[in-house]
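Given these sequences and hints, build the entire structure.
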Amino acid sequence: MGFFTVGIVQTALEVGLIYSLIALSLFVSFSILDICDLSTDGCYTLGCAVGAVMTVSGHPIAGIFAAMLAGVCSGFVTAILQTVFGVPSILAGIIVNTGLYTINLAVMGFSSNVSIFGTDTVFSLWSGLSDSSVWSSWSDFFLLLLIVAVVVILLNFFLKTRLGLSIRATGDSRPMVRASSINPNLMVIIGLCLSNALTGLAGSLIAQYNKMSDINLGTGMVTIALASLIIGETLFGRGRMLVRIAGVVAGAVLYRFIMAIALRLNVPTEAFKLVSALIVAVAIAAPEARRLIVFESRKIRTRKERMAKARQSREKEGMR
Amino acid sequence: MLEIDSICKTFHPGTVNEKRALVDLSLHLADGDFATIVGSNGAGKSTLFNAIAGSFLTDSGTIILDGQDITFLPEHKRSRVIGRLFQDPLMGTAPHMTIEENLSIAYLRASDPQKKSLGRRIAQSFTTISKKDEELFREKLSLLDMGLEDRMSTQVGLLSGGQRQALTLLMATIVTPKLLLLDEHTAALDPATAAKVLELTKKIVEEKHITCLMVTHNMTQALEMGNRTLMMDSGRIVLDVSGVERSQMTVQDLLEKFAQRAGEKLDNDRILLSSEKQGAGA
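Going line by line, the protein sequences match chains A and B.
This note's numbering puts the first residue of the first sequence at 1, with every later residue one more than the last.
This note's numbering puts the first residue of the second sequence at 1001, with every later residue one more than the last.
For the record, the hints were derived by calculation from the structure and aren't laboratory data.
Hints are supplied without guarantee of correctness; some may be wrong.
Facing chain A, a subset of chain B residues (Cβ under 8 Å, in silico) [claimed, not checked]: (1) 1012; (2) 1095; (3) 1101.
Just so you know, even glycine gets a beta-carbon here, dropped at the ideal spot from N, CA and C.
Given below as structure tokens:
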């Protein structure tokens, strides 16, 4: 490997897989429903807090489902604010995000962090299934791969069902949805509940993965997830739904690798947020920049050719 | 079929922008009636359609469709029995979804929510498009005679305006609506495509015996299509001809009536302007 150690690759893969769930959450809200849901940071921390508290009390598996349910509740509130009460979607997300800070503290018993020790996590339960040495070092990765694979397959199936199609159409053309006797508000509510359930799932997994939960864990998460999503969508474009969904997961893993490179290049940890922001900016700007470069180079080339031709004809005249 | 009784709608009431868009308007359509509507811009044609479709609630009056009072029904519930086409061919379809997916969403209206339990409805919403549906869509698409039946997995955004409008027409009528609202649905198409979409409209409406309202700015169309012609002005229906009177009416007659209406407004404007000028001069 040289540049990368196995440890760095493994961590990038594992954390990338967890983050891919948040990227998929934004895939549902941002790409499918065309809604900018900024409650991601708070919802992720909520999932983390619920997951950690449940794990500490000895219910790691139930903790995952509880965290997803908490995510559903958070998404429901965001959705109700923007559908029934007409709050602009960005504002609704920010309001919920702000409120969640207090709720997250409350979930963790008004302490800013919770540590998991002495109790099993889903990862320790899973690694206990076998004794082989490969298994013991890679079991976390296999569990996360399994979870993400199941989510990808279920999401792909769901988006093909009548309900899934209706949700996709809601993000694509609201007049068409209303004309088809579908309540667009209901579709937004279901979509955001689903999206935030995925964020909650990611939160509960990171809590059990890191064996801790912190109130500031989610800060800037929406940027990271958006970066992953856009890397995925830029690279894997607008093909079949399954390719798009898998592309988002690949984008999240790729993002972690870019961060790992930054880490290897001794970028100080304080600069990480700036690096994230730069990656997002570059990922979003890349397609347009490429078009611009192609256009400019064609312009320069055409000009050169024209000048060469003019010179030639002038030389011919000179010879006469 | 459709009974509209003295509906009123005023936009921005009590402000300088107050606009009385519908004024005590009543309209009765019999089952199978096909009425064309003409009128100048701002006469209230689209507002009337919006009121019927439920884009907003009217200030007063009642709207009854096939015996059911729909005055306070939300738009998405009315659309189960009211099909609608807009002037903009991009309005009625989802561009990033395939032809098949668009049709299957339109076909959702086939299941009557009142006849099924909540559990059955939830179970149904998790089913995918069946082979049987696919066959139905293919068959219906072939009736459009545009070759769309072989492009079922093409994104609708890649189709031409005419193809999209024909698809929208199919989507609006795949489950036979009780009322079809056509809001200048061929105005944005080239003449040949417009004629084709109009022909399709005529065919589908006649075959399925759909009660229909069509806004048009084409006076020939207004007299040739359907069995009734209405003219709107300032939120009122000012002309309603059918039967012998309509068949004897020429485009010239209709244009004259139209110009007469428009002329009255023009005169009013002229009087207003000249008096303003005098005021400024003094």
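These are the hints, each one checked on the structure:
no. : hint : verdict
1   : 1012 : violated, 19 Å
2   : 1095 : holds, 6 Å
3   : 1101 : holds, 5 Å
The structure shown violates just one earlier hint, number 1.
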